[in-house]
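Colleague: One line per chain: the protein sequences are A and B, in this order.
Under our numbering, think of the first position of the first sequence as 15, with each following residue one higher.
Under our numbering, think of the first position of the second sequence as 105, with each following residue one higher.
Keep in mind that a hint or two might mislead.
What the hints assert, rightly or not - Distance condition first, Cα-Cα at most 30 Å in a straight line; then the derived DSS-like pairs of lysine-lysine:
(1) A/Lys198 to A/Lys183
(2) B/Lys218 to A/Lys336
(3) A/Lys53 to B/Lys218
Unchecked claim - To spell it out: a stretch of chain B is covered by chain A in this simulated footprint if at least three of its residues, at any positions, have a beta carbon under 8 Å from a beta carbon of chain A; those stretches are:
(4) 187 to 195
(5) 329 to 339
To be verified - Anything over 10 Å on all C-beta distances counts as not near chain B; from chain A, calculated:
(6) Tyr71
(7) Pro203
(8) Phe206
If you are wondering where the hints come from, they were derived from the structure by calculation, not from laboratory data.
Nothing here was measured: the structure is a model prediction, and the numbers come from that model.
The beta carbon of each residue, even a glycine, is placed where N, CA and C say it ideally should be.
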Amino acid sequence: MLKLEARAEPSRAMSVASPLIALAITVVIGTVLFVLLGKDPLRGLAVFFIEPVKSVYALTELAVKATPLLLIALGLALCFRSNVWNIGAEGQFIVGAIAASGVAMQATATTGGWFFVPVIVAGMIGGMAWAAIVALLRDRFNANEILVSLMLVYVAEQLLNYLVYGPWKDPQGYNFPQTITFLKATQVPKLFAGYRVNVGAVIALFSVAAFWLLLFRTYAGFQLQVGGLAPAAARYAGFSSRKALWSALLLSGGMAGLAGGLEAAGPLGQLTPHVPAGYGFAAIIVAFVGRLHPIGIVFSAILMSMFYIGGELAQSRLGLPKSLTGVFQGLLLFTLLACDTLIAYRIRRQAPRSTTAPPPALDDATASPVVASAALPAREGT
Amino acid sequence: MEQLALLVAATLNSGTVLAFAALGLLINERAGIVNLGAEGMMLVAAIAGFATAVHTGNDWIAFGAGALAGAALAAAFGALVIWLNTNQYATGLALSLFGAGFSAFVGIRYTQEKLGEHRAFEIPGVADLPFVGPALFRQHPMVYLAIALTIAIAWFLYRSRPGLVLRAIGESPESAHALGYPVRRIRLAAVVVGGAMCGVAGAYISVVYTHLWVEGMTAGKGWIALALTTFATWRPARILLGAYLFGGVTMLQLQLQGEGVQLSSQFLTMLPYLATILVLVLISRNATFIRVNMPASIGKPFFPG
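Whole structure, please, built from the sequences with the hints as guidance.
Modeller: Here it is as structure tokens:
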């Protein structure tokens with residue numbers, strides 16, 4: 015029989031290995047799924063893991079999708095580390111896109127190229143404002159932040175629909191629910207001609223460094239994490255849990271809003287009902303797979319971006335539904351959480367109780383499992 | 105008058121979905137487990153039930169399939185949370201994300217299918233009474249079953265020994281363990297039963313309520329059901345009332361849209377979600393009140409030695 019046994023201290027090796035094991039298990043399940051669907055599993059896996067990195071163009075597209083995931087996940091990682099469960103990043107992303115678009119539509123023919131700056135700043139403020147509702151209701155009325163932030167996703171979606179079907183609808187848009195295409199001056203500058211990847215990717219990488227510094231090199235970041243790990247200790251040390259709540263939500267909301275603004279003023283270039291692409295939810299997985307660590311999140315954002323592109327390619331090349339992406343994302347988080355058990359616990363084989371002979375003598379070594387396991391090989395040797 | 109009767113009928117119908125799901129989640133939470141995967145379980149159950157109804161034409165087999173789907177997902181969730189001590193919030197979220205993707209994936213070939221209208225189930229004798237007949241006695245049997253189930257669960261929790269054990273585990277798994285109760289097995293049973301009930305709720309949406317399958321069709325009902333357990337301060341009868349209240353808000357909103365009220369339909373669609381937030385704010389305002397009523401071990405893992 016197998017039994018879980020608490021480790022003396024969390025295993026650092028498992029903490030890194032766990033996402034890799036989880037990915038391997040997800041790939042195995044994916045392979046089985048492709049076989050069951052009557053598709054060539056090698057082609058299926060190639061679509062997810064080779065095609066998205068095959069050419070320079072593919073790599074830039076990978077970066078386009080990884081950028082919002084990275085930005086949102088950075089904020090969420092900080093949130094989850096402070097034990098604040100903001101799962102409504104999707105809503106903050108949408109409101110960010112709305113706010114950025116509101117500014118972008120003010121541009122005129124004479125507006126200079128600098129105009130993208132206020133546009134994305136507006137996005138950031140929009141996301142912050144949306145998350146501030148969650149913080150306010152939690153702080154003032156003790157309302158559960160998980161449910162409130164999630165409900166606000168649905169509200170944000172309807173707000174977006176209202177705008178694109180109503181006041182912001184492009185009068186020359188053949189009655190399609192969409193805004194005008196934003197003027198060129200508002201567009202986030204592209205990094206290379208001919209590719210969609212833009213300055214947003216650079217902002218995302220700078221944010222990685224900023225969040226790393228904030229989390230691991232500042233007193234404020236330390237306070238946030240203590241509050242998450244040991245609320246009682248934080249209270250004793252006099253760290254304000256209200257401050258932690260507000261900073262976690264405002265920062266993560268701001269990051270999600272920034273991602274929304276960059277998306278609206280970047281690859282999208284206008285508002286449509288299709289702005290919500292699930293980045294806010296996928297970023298939750300990105301944050302966990304990246305170990306809530308800014309550097310880890312870079313890798314997991316790229317991985318999740320591969321899932322997105324793979325899903326699109328699976329649709330066009332293999333005739334499989336695009337929702338395959340969601341299946342794999344969910345599976346990955348599920349297996350990751352299961353594997354994470356091995357960070358704090360180890361699996362021990364336990365002899366079935368009925369067949370074990372009574373121990374010849376009781377010695378002190380069996381009292382502590384850690385000591386007992388250390389003593390085991392020596393005893394076999396004698 | 106006629107219209108009001110129909111509104112009442114529709115409210116009961118819509119509240120039934122929430123009642124089944126929230127009662128299931130209540131059983132989970134009474135045992136100390138929060139399953140944020142309700143939305144995912146309901147979605148998978150909705151497509152499982154719908155597909156079964158399309159192929160067999162029998163609603164009851166469809167509900168069974170929905171319950172099975174919900175129970176299976178809940179069992180996976182339970183195994184992770186109870187035996188591997190994973191974080192309940194994160195695992196539930198994983199289930200919701202997986203359920204949304206998986207249901208969309210398997211449901212794609214059913215998007216064109218449509219089930220026939222259900223013949224109203226009329227209780228002989230009272231169905232033809234004026235007003236109350238159409239309002240109360242021409243419902244799907246599941247509507248009455250939800251009420252019966254509420255009574256049964258209330259009896260189970262407060263009047264039966266297994267119910268007492270379940271509540272004890274929710275309050276203090278350590279004490280229950282010390283008394284020799286198999287805490288983890290009972291928790292798993294509670295999670296699976298809760299999943300099955302969310303499954304029935306999901307199947308009810310696609311089979312009875314809409315007669316069709318649309319990606320993401322539960323539209324947050326699983327999350328609203330989660331909010332309902334808090335709103336009801338973990339009491340079965342209040343859950344049923346809360347479910348009808350939310351059913352009423354949903355129906356009223358649709359009614360107003362139908363009547364062409366001078367308010368954009370998007371704002372009306374927001375109503376159930378805003379109502380959920382409002383209700384959460386009102387009920388949670390008094391932190392002590394919540395703390396007293398909430399099962400004490402909620403969300404905390406239990407690892408016996």
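Colleague: Holds or violated: are the alpha carbons of lysine 53 of chain A and lysine 218 of chain B at most 30 Å from each other?
Modeller: holds (29 Å)
Colleague: Going straight from one Cα to the other, do lysine 198 of chain A and lysine 183 of chain A come out at no more than 30 Å?
Modeller: Since the Cα atoms of lysine 198 of chain A and lysine 183 of chain A sit roughly 19 Å apart, the hinted pair holds (cutoff 30 Å).
Colleague: Confirm or reject the coverage of the segment 329 to 339 of chain B by chain A under the rule of 3 or more residues with a beta carbon closer than 8 Å to the chain's beta carbons.
Modeller: holds (count 3)
Colleague: Below or equal to 30 Å on CA atoms is what counts here, so check lysine 218 of chain B against lysine 336 of chain A.
Modeller: holds (23 Å)
Colleague: Compute the least Cβ-Cβ separation between proline 203 of chain A and chain B, then decide whether it is above 10 Å.
Modeller: For proline 203 of chain A, whose nearest Cβ neighbour in chain B is about 34 Å away, the distance exceeds 10 Å, so it holds.
Colleague: Over 10 Å to the closest beta carbon of chain B is the bar; see if tyrosine 71 of chain A clears it.
Modeller: Tyrosine 71 of chain A clear of chain B: closest Cβ-Cβ about 27 Å, beyond 10 Å.
Colleague: Phenylalanine 206 of chain A: least C-beta distance to chain B exceeds 10 Å?
Modeller: holds (33 Å)
Colleague: Between the segment 187 to 195 of chain B and chain A, see if three or more residues pass the 8 Å beta-carbon test, and mark the coverage as holds or violated.
Modeller: holds (count 8)
The structure shown violates none of the earlier numbered hints.
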